Amino acid sequence: MIRASCISKTYRGRTVLDGVDLSIERGEIFCIVGPNGAGKTTLLRILDLLDRPSYGLLQILGEDATGSESVRFRIRRRMSMLFQRPVIFDTSVFDNVACGLKFRKMGEDEVRGRVKSALREVGLPGLERRRAKELSGGEMQRLALARALVIEPEILFLDEPTTFLDPESANIVNDTMVRLSRDRGTTILFTTHDLYEGERIADRIGVLMDGRFSQISEALEILHHPADLRVAKFVGFENILRARCLSWEAGEALLDLEGQKIYAISGGRCDGDVFVCFRAESVSVGVGEEPIASPRNKFRGTVTRISAFGPFVYITIHCGFDIVAMLTRRAMDELMLDLGSEVWASVKATSMRVFAGAGDAAKKTGTEKH
Amino acid sequence: MNEIVEGFIEAIRLIVTLDPEVLEITVRSLVISLIATVLSAAVSIPLGSLLYLREFPGKGAVIGVIQTLYSLPTVIAGLFIFLLLSNAGPFGFLRLLFTPAGMVIAQTVLILPITTGLTIAALSGIGREVRDTLLSLGATEYQSILAILGEARFAICSALLLGFGRAISEVGAAMIVGGNIRGQTRILTTAISLETSIGNFSLSIALGIILLLLALGVNLSLALLGRWHH
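Residue numbers (this note's numbering), protein chains in the order written: chain A, 1 to 370; chain B, 371 to 600.
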């Protein structure tokens with residue numbers, strides 16, 4: 001459906017996209033995540049043929065999409081896009097949704113039928129006569145979604161479709177995406193900065209950082225095996241600690257972490273200064289005697305901070321360095337943890353990721369706080 | 371003092387009894403200025419759209435000139451059209467000098483900068499994202515400009531009402547190009563000017579009241595438009 005290679009975009013002297021390679025299959029739901037300013041919107045605009053790339057090759061629906069305006073127009077008519085802040089025309093709901101069909105000179109009866117079912121699809125049935133600007137924010141976004149899908153696009157782009165929505169509207173938008181892909185085989189690309197939203201809906205996720213993809217793969221892979229330190233930080237590895245690599249053998253590294261020896265799985269050979277990263281939920285916490293049947297990486301420390309996070313709590317354990325662990329409230333109560341409690345923290349070697357940490361990266365990454 | 375009071379009373383009588391001369395002058399004023407407004411709309415909406423859509427070197431300067439011409443003095447517009455339409459001028463053969471048609475042309479030229487400039491402003495107020503949305507929904511360039519004009523319709527109507535207001539209230543161009551010929555090219559403003567100079571205050575006041583009422587009408591339309599829009 002989409003083949004992009006080396007897409008770059010320079011805008012007012014600033015490089016927004018820097019060699020994006022992307023290949024999307026028919027019917028796939030692909031999610032682009034990344035921090036603000038990573039180039040997500042710019043990439044979507046280029047793929048929807050609203051902007052031209054400065055360099056790069058782009059094939060969409062089997063045609064060269066970097067050529068003449070007439071070819072681009074023909075391709076554009078087979079796609080549509082939902083913008084982050086949708087533009088609602090100052091007309092009726094019906095006229096808003098019918099807009100793209102009228103551009104295609106479709107017969108009135110068919111327009112009426114399609115508008116009706118599109119409105120039903122986004123949970124706004126029977127609102128045709130209403131003045132569109134009188135809808136609520138969430139309803140407007142759903143109206144814009146109906147308007148984008150009523151033309152039955154082969155590819156649908158959505159730019160942060162749920163960022164400004166209440167949970168109910170967000171769910172409707174997300175469910176509609178899944179349904180479109182499943183029932184109609186619509187190819188869907190959307191951006192978000194909420195990785196978990198991407199995880200729920202998307203078949204694959206691409207992490208866009210500074211104008212190029214740092215990693216493209218399935219959600220679980222990205223969550224647990226980030227490709228590099230920046231992806232690890234972006235996907236929420238709470239523990240990012242500086243260490244020294246003492247030895248590496250057969251995929252297992254022995255590291256020196258502030259004088260303590262720890263073991264970590266590292267696919268690539270490592271040496272010298274490194275960062276060792278693990279998620280807060282990978283940390284097991286215990287009290288009392290040293291646990292026997294538990295991982296090799298064990299640290300004794302003191303609880304120095306407790307912060308609530310819905311039904312969970314993050315606790316910071318100081319053991320020469322700070323480790324953040326995530327527990328359920330109930331587990332914390334059972335362990336009778338409080339500030340100053342002496343605890344054991346343990347982390348499996350397989351939960352740890354090791355990244356090279358020399359040069360600039362080391363300066364950028366100070367302590368991680370939570 | 372007495373003269374003014376008597377003038378007022380006489381003016382109201384003229385209006386209430388629908389004095390034929392007052393009526394004729396009023397209708398002529400309205401027709402000339404309305405046609406001028408329609409003509410300027412026919413030019414300024416496409417022209418404004420084109421200037422809004424197309425990027426070209428010197429675009430800013432062109433818009434700057436248009437904005438400067440908002441305050442084009444009416445007598446200069448009149449002089450310019452007079453020279454073009456006079457027997458010695460390039461369009462003298464059309465015999466339009468001292469005719470209502472000539473006045474229409476003069477008023478059209480006079481208000482074109484305002485209607486064009488404000489059309490551009492109205493379209494610019496719509497924003498780039500509207501155009502992106504239209505294109506992404508599959509609009510051709512022509513379809514997208516029609517839709518953008520539709521979004522800007524209230525602001526464009528305001529622009530045209532302002533243009534009409536300037537046309538109906540100006541005296542310089544109508545006087546120079548129309549010549550204030552009784553029964554042919556005499557309109558509200560030129561009539562007031564003449565009647566005042568010959569001391570016929572009651573007719574002047576009556577015409578003045580009508581002109582003010584028309585201005586009020588324009589103002590009310592603008593306000594209504596604004597309220598309807600929001």
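Simulated from the structure, these hints should not be mistaken for laboratory data.
If you're wondering where the values come from, they're calculated on a predicted model, not measured in any experiment.
Possibly wrong hints are sitting among the right ones.
Under 10 Å between C-beta atoms, here's a sample of chain A residues computed to sit facing chain B [what the hints assert, rightly or not]:
1) D48
2) R52
3) R77
4) R85
5) A144
6) G259
7) Y263
8) I265
We treat Cβ as the ideally placed atom computed from N, Cα and C, and that holds for glycine.
Evaluated hints:
no., hint, in the structure
1, D48, "6 Å, holds"
2, R52, "13 Å, violated"
3, R77, "4 Å, holds"
4, R85, "7 Å, holds"
5, A144, "8 Å, holds"
6, G259, "57 Å, violated"
7, Y263, "52 Å, violated"
8, I265, "45 Å, violated"
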